[in-house]
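Letter by letter, the chains look like this.
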Amino acid sequence: MPPYLPDTMPLPQPSRDDAPFWNACNEGRLLIRHCTDCKRFSHPPMPSCPHCASTRMDWKEVSGNGTVYTYAISHHPTHSALKGSGAYNVAVVLLDDADDVRLVSNVVDVALEDIRIGLRVSVYWDVVAGGRQLPRFKVRIESNQRKRGEL
Amino acid sequence: MSFPTVDAPKRLQPCIVGVGETVYTKRGGHNDQSELELCLQAIRNAAADAGIEASEIDGYASFGFERHEPVMVQAALAAPRLRFSSLVWGGGGGGCSASVMLAATAVATGQCQYAVAYRSICQGQYERYGEYRARPMWGSYVAPFGLMSPAMMMALVYRRYLEESGMNADHLAELAVTIRGNAQKNPRAVMHGRSMTHDDYFAARMVADPFRLYDCCLETDGACAVLITSAELAEKLQRPAVPILGAAQASGERWTLGPMGSHNMPLDTYASINSRDVAAALYQQSGLAPSDIDVAQFYDAFTGLIPMALEDYGFCRRGETGAFIEAGEIRAGGRLPINTSGGLLSEAYLHGLNLVIEGVRQMRGESTAQVEGARHCLITSGGGGGHKSGLILGRR
Chain W
7 MPPYLPDTMP LPQPSRDDAP FWNACNEGRL LIRHCTDCKR FSHPPMPSCP HCASTRMDWK
67 EVSGNGTVYT YAISHHPTHS ALKGSGAYNV AVVLLDDADD VRLVSNVVDV ALEDIRIGLR
127 VSVYWDVVAG GRQLPRFKVR IESNQRKRGE L
Chain Z
863 MSFPTVDAPK RLQPCIVGVG ETVYTKRGGH NDQSELELCL QAIRNAAADA GIEASEIDGY
923 ASFGFERHEP VMVQAALAAP RLRFSSLVWG GGGGGCSASV MLAATAVATG QCQYAVAYRS
983 ICQGQYERYG EYRARPMWGS YVAPFGLMSP AMMMALVYRR YLEESGMNAD HLAELAVTIR
1043 GNAQKNPRAV MHGRSMTHDD YFAARMVADP FRLYDCCLET DGACAVLITS AELAEKLQRP
1103 AVPILGAAQA SGERWTLGPM GSHNMPLDTY ASINSRDVAA ALYQQSGLAP SDIDVAQFYD
1163 AFTGLIPMAL EDYGFCRRGE TGAFIEAGEI RAGGRLPINT SGGLLSEAYL HGLNLVIEGV
1223 RQMRGESTAQ VEGARHCLIT SGGGGGHKSG LILGRR
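Heads up: the sequence lines are chains W and Z, in that order.
Sequential numbering of the first sequence, starting at 7, is according to my numbering.
Sequential numbering of the second sequence, starting at 863, is according to my numbering.
Here chain Z stands alone, though its shape is the one from the complex (with noise of 0.2 Å):
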């Protein structure tokens, strides 16, 4: 459990040292590049990022629904070694944080030197997440009752939060304005020069009561890439290194798919995000607490999804997280900006890859929306599906 601080020698301590995105649009903007081309150029950003040639990464991690398997992009690299390829299972983003901590694990053994962690998604292209798809596992339990997207399947999980919390529509508006205010900084984000008032927030549809439209994250195009190698190597590259100080994956029992399931999880853990093993976890390797954490970037496919994560992560007990969301401590100069770059909700929905390189640029001191003096970035993976992952990224 000590992975990968304790017991891996210094050396190979993993250190993000590039990370590239292209650029994001809404779903159909990038229609003029196929994904594959788009995650290619997200890759050779990530080596550009970090003064390597991107031939030279040898490593390859991604996580359920990715769809450019690491030979194909290898060979369209013209990349002469693979030494390590890995896949988290699970869908959605529940297995991004993951997906960096085999990268972080390869080049920690040894398997490897330069792995890169990826995610491409054009929905204009491809499938549209938020419409049916048929589930291969328990799908007879959920469509023919008409729960058939994210957004109703989180949707019951935040209707019974709300029963056991307190909590009202106010504390959902208050996340999506913050984290839309946080995207007008960043001229990255989609929803950059769209700024959204809380009279916005209320006018705007039900699509899943209760969540209205600016409570589901964005539909969007584009891919992204962190590239993750030691750190006797971080030392001769161009950027500061990020050390990863806390990697972890878990699932509770008798999880199973949760929300994206048949929704049997234990009565004591459903009204959560099921990482409360992914926070012990990274809390002991780090040998960090909550009040160490100063800033976190949060799986945000949904609104709803953020104050079950204050808690699972241990910001707040159940029936506080109302006042601790209005006091304003989730936005810049509070106990905990979130989401600095507008998040999924606001910046693009790369399955939350792209918190991650968001936790990079607050480590380097470069984002648009800087947590001055932040040591320690806590990011969070997965909202509905199965099992959950988490980073936690430091400061060198």
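Pulled out of the complex, with its shape left as it was, chain W reads as follows (with noise of 0.2 Å):
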């Protein structure tokens, strides 16, 4: 499958603050800052705690699961990248398991005028240029659905 948005997409930079984010993106891990003293997530990675200044900050794997907080839908192609290759969506994603952290992002298998706010969604790898991976979404589908045959 081909990536969401073309390939000549600006890519991450890393920096010495969010290097291990992006290098576990790489593995398909899902690594968001939190802090060992307040116990609580951030996004994104900075040196230290937002919540409570502690500078005694690791990194948490989470689930990837989420919801869509909010969307948008772009119809006009602001980099020369996105030109001819139509509309899509921006979705900032609340995720599941890590406080009130959001990314944003996009869901890649939902027609435009199906996306809204509440969608469930998880995880899942785009590989784009060099092989390097993005945290994107696709609709999840529920356990209790699937055995309802509800697919």
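These are calculated hints, taken from the structure and not from any lab test.
Computed from a predicted structure; not experimentally measured.
Watch out, some of these pointers could steer you wrong.
[What the hints assert, rightly or not] Chain Z side only, calculated, beta carbon under 8 Å to chain W, not exhaustive:
| id | residue |
| --- | --- |
| 1 | Ser1011 |
| 2 | Ala1017 |
| 3 | Met1058 |
| 4 | Ala1070 |
| 5 | Gln1100 |
[What the hints assert, rightly or not] Residues from chain Z shown here face chain W by an in silico Cβ test under 8 Å; the list is partial:
| id | residue |
| --- | --- |
| 6 | Tyr988 |
| 7 | Glu989 |
| 8 | Tyr991 |
| 9 | Ser1002 |
| 10 | Pro1006 |
| 11 | Gly1008 |
| 12 | Met1010 |
| 13 | Leu1018 |
| 14 | Arg1022 |
| 15 | Glu1025 |
| 16 | Asn1126 |
Each residue gets a CB set at the ideal place from its N, CA and C atoms; glycine is no exception.
The task is to assemble the complex, starting from two chains supplied on their own in separate frames and drawing on the hints.
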């Protein structure tokens, strides 16, 4: 499956503050900054905790499950890479198991008219230029729906 | 927190004494003059309006994205002294009112005598703000996912606001049509002579759903400037001094770059314009309440910023804002006429400094959409970026 947006889009530029996040993405793991003192998550990664100012920060792997907190549909190609590729969604996904941490991303398998706030999604590792992986999302099929044959 | 009114000596109270603008054009309309030439022209016009020589200016303030440094402007104005020079952090318009605040602070503390706050933008000569620009902070978290324009950044916030407020597209149409209507009275407005109906609004293309074309501000070229001095010097000048009754900048907890960043603002302030703390400071400084504000110039880079501004600044509570707009309270003759020059949507996009100029006109009684008897004008600065600022202007 080709990436959700063209391969010539800008790529992440990891810095000293956030390289572990992007390295983990390339391994297919979602690693979120976590405070060992107040036990809260925060994002994007910073050298200290924005909740309690502690500098004792580590990283915790999370499930990648979340819900669409908000979204917008772009109809205008704001980057040369997007010319001719049509409208696409941008979603802010609130993770299920990382306090109020959200990721700006895309839901790759939903029609533009079907995306909505509250849609349950799970992480999907989209392979982009150079084999790097971005955390995008797919609609999550609940296991009880599966049991009832509601796929 | 009581600056600039209570604790400052009366003779040093900061006042706006001159405003200056170039002609405003659509993007690319000013290619015969450089952006710096336009910047200088606006500052000279502000000095002429006040009745001083531009070379008497000894203080300079602007805000993030301004390209013309005070030392260059000083030289071009042949001004012998530079006693104050400062730039507010942050991109876009969040620092606009704060640049006026810096200038006001400088004159009220005796750092300098005549301070100018200025902004020049020629999108025809430099970058276009609506197109992709590499962002040094946290660009990794937005650009690869196609979040690259202020319209999309604010569209995300406004979609969430729609969910929480129960408002709909008709409210945005009413805002866009009202503000375009104000521009029809203002010959300086780029959209003067181009009236718009609700049908026109809905017929325009979708840009960043839920924002259509006319929810988005203009791409224009031009420059403007505001000249500030102390009350004692203001008394000797030709124009009625417009006192600055409140001037504040603020940002809420964990807001960081807001919609321009990773969208990790606290959940309870996400669907806002991060201006509740600005509002509190302005009302505390001035001793005024929302009910005392007669006219407002809201930062309208996008229509959707206005309902959130009405709430952050205490004019409406969430859930009431739609009815306030439907009732025409933001129109001429309503409770709170807004953006009386046509705003950033229909006059020009100068990152909000033209809204300050319109506020001065209202307080001088010279607006093309004058609110009769208006005594207090609120000006707000900033939409999608980090910290925000605001002003309350009064009448002498």
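To see whether the hints hold, each was checked on the structure:
1. Checking Z:Ser1011 against chain W by beta carbon gives a least distance of about 4 Å; that is within 8 Å, so the hint holds.
2. Hint status for Z:Ala1017 relative to chain W: holds, with the closest Cβ pair at about 4 Å, below 8 Å.
3. For Z:Met1058, the interface hint is violated, the least distance from its beta-carbon to any beta-carbon of chain W being 20 Å, above 8 Å.
4. For Z:Ala1070, the interface hint holds, the least distance from its beta-carbon to any beta-carbon of chain W being 6 Å, beneath 8 Å.
5. Nearest Cβ of chain W to the Cβ of Z:Gln1100: about 46 Å, over the 8 Å cut. The hint is violated.
6. This hint is violated: Z:Tyr988 has a C-beta 17 Å from the nearest C-beta of chain W, more than the 8 Å allowed.
7. Hint status for Z:Glu989: violated, given a least beta-carbon distance of 12 Å to chain W, over 8 Å.
8. Checking Z:Tyr991 against chain W by beta carbon gives a least distance of about 10 Å; that is not within 8 Å, so the hint is violated.
9. Look at Z:Ser1002: its Cβ gets to within about 4 Å of chain W, closer than 8 Å, so that hint holds up.
10. Interface hint at Z:Pro1006: satisfied, since its Cβ lies 6 Å from the closest Cβ of chain W, which is below the 8 Å cut-off.
11. Because the closest C-beta pair between Z:Gly1008 and chain W is about 5 Å apart, less than 8 Å, the hint holds.
12. With its C-beta approaching chain W no nearer than about 4 Å, Z:Met1010 sits inside the 8 Å limit, and its interface hint holds.
13. Below 8 Å, beta-carbon pairs count as interface contacts, and Z:Leu1018 has one with chain W at about 5 Å; its hint therefore holds.
14. The interface hint given for Z:Arg1022 is met, as the beta carbon of that residue sits about 4 Å from the closest beta carbon of chain W, less than 8 Å.
15. A distance limit of 8 Å between C-beta atoms decides the matter here; for Z:Glu1025 the minimum to chain W is near 5 Å, and the interface restraint holds.
16. Because the beta carbon of Z:Asn1126 sits about 5 Å from the nearest beta carbon in chain W, less than 8 Å, this interface hint is met.
The structure does not agree with the numbered hints 3, 5, 6, 7 and 8 stated previously, though it agrees with the rest.
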